[in-house]
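Engineer: Our numbering runs 25 ahead of the 1-based position in the sequence shown.
Note that these hints are calculated values from the structure, not bench results.
It cannot be assumed that every hint is accurate.
[As the list claims (entries may be wrong)] Quick list of in silico lysine to any residue cross-link-like pairs, SDA-like style, CA-CA up to 20 Å:
no., residue 1, residue 2
1, Lys64, Thr75
2, Lys35, Ser99
3, Lys35, Pro121
4, Lys113, Thr79
5, Lys85, Leu116
6, Lys110, Ser99
7, Lys85, Lys64
8, Lys64, Asn53
[Stated by the list, open to error] Cβ-Cβ distance ranges computed for the label pairs, FRET-style:
no., residue 1, residue 2, range
9, Lys73, Lys113, 16 to 26 Å
10, His100, Asp78, 30 to 40 Å
11, Pro87, Asn50, 14 to 24 Å
12, Arg117, Leu69, 31 to 41 Å
13, Glu65, Asp90, 35 to 45 Å
14, Glu65, Leu116, 18 to 28 Å
15, Asp107, Thr79, 27 to 37 Å
Backbone N, C-alpha and C define an ideal beta-carbon position, used for all residues, glycine too.
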Amino acid sequence: MTSQLLDNLKGIEIGGSAANPFGLNVLNVDLSDDNKVYKEYQILHAGKFTKVDTVASGDKLPFSDASQGFVISSHIIEHFYDPIKAIKNGLRVVQPGGYVYIIAPTRENI
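Full structure from sequences and hints, please.
Structural biologist: Written out as structure tokens, the structure reads:
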């Protein structure tokens, strides 16, 4: 389903991982591009690591309003202090008719 909706769009992925790639046209946004332990984990489990394109928090995205076709995150939203703020920020940067696509492990963790 992810591919059907997002394949022809350009967007951002918050906290992308080589261990769980979507294969989409994205800029990877993460809190740091200097996390040696996480890079080693990705290399161990996926044979490569996902480069961070933009260093930022998902609740403070440095992109213009309505500038992205989509925002996607997988198993990240439950780590935010204020997940509603992160969702609102995703809605701010997504274009009209675009998508904020969130994968969460359980509803109880949001």
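Engineer: Compare the structure with each hint and give your call.
Structural biologist: Status of the hints after comparison with the structure:
Under the criterion of a C-alpha separation no larger than 20 Å, the hint pairing Lys64 with Thr75 is consistent with the structure, at around 8 Å. Under the criterion of a C-alpha separation no larger than 20 Å, the hint pairing Lys35 with Ser99 is consistent with the structure, at around 17 Å. A threshold of 20 Å between alpha carbons decides the hint, and for Lys35 with Pro121 the separation of about 14 Å falls inside it, so the pair holds. With a C-alpha separation of about 19 Å, the suggested pairing of Lys113 with Thr79 holds against the 20 Å cut-off.
Between the alpha carbons of Lys85 and Leu116 the distance comes to roughly 12 Å, so the proposed pair stays at or under 20 Å and holds. Straight-line distance between C-alpha atoms of Lys110 and Ser99 comes to about 17 Å, which keeps the hinted pair within the 20 Å bound. Using a Cα cut-off of 20 Å, the hinted pair Lys85 and Lys64 is violated, with the two alpha carbons roughly 23 Å apart. Note on Lys64 and Asn53: the hinted pairing holds, with a Cα-Cα distance of about 14 Å set against a maximum of 20 Å.
Separated by about 33 Å at the C-beta atoms, Lys73 and Lys113 break the suggested range of 16 to 26 Å. One distance hint, 30 to 40 Å for the beta-carbon pair His100 and Asp78, is violated here, with the actual separation near 19 Å. Our hint of 14 to 24 Å for Pro87 and Asn50 holds, since their Cβ atoms are close to 19 Å apart. For Arg117 and Leu69, the Cβ-Cβ distance of about 36 Å falls inside the hinted range of 31 to 41 Å, so the restraint holds.
As the Cβ distance of Glu65 to Asp90 is approximately 37 Å, the hint placing it in 35 to 45 Å holds. For the hinted restraint 18 to 28 Å between Glu65 and Leu116, the CB-CB distance of approximately 34 Å leaves it violated. Between Asp107 and Thr79 the beta carbon distance is about 20 Å. The supplied range of 27 to 37 Å is therefore violated.
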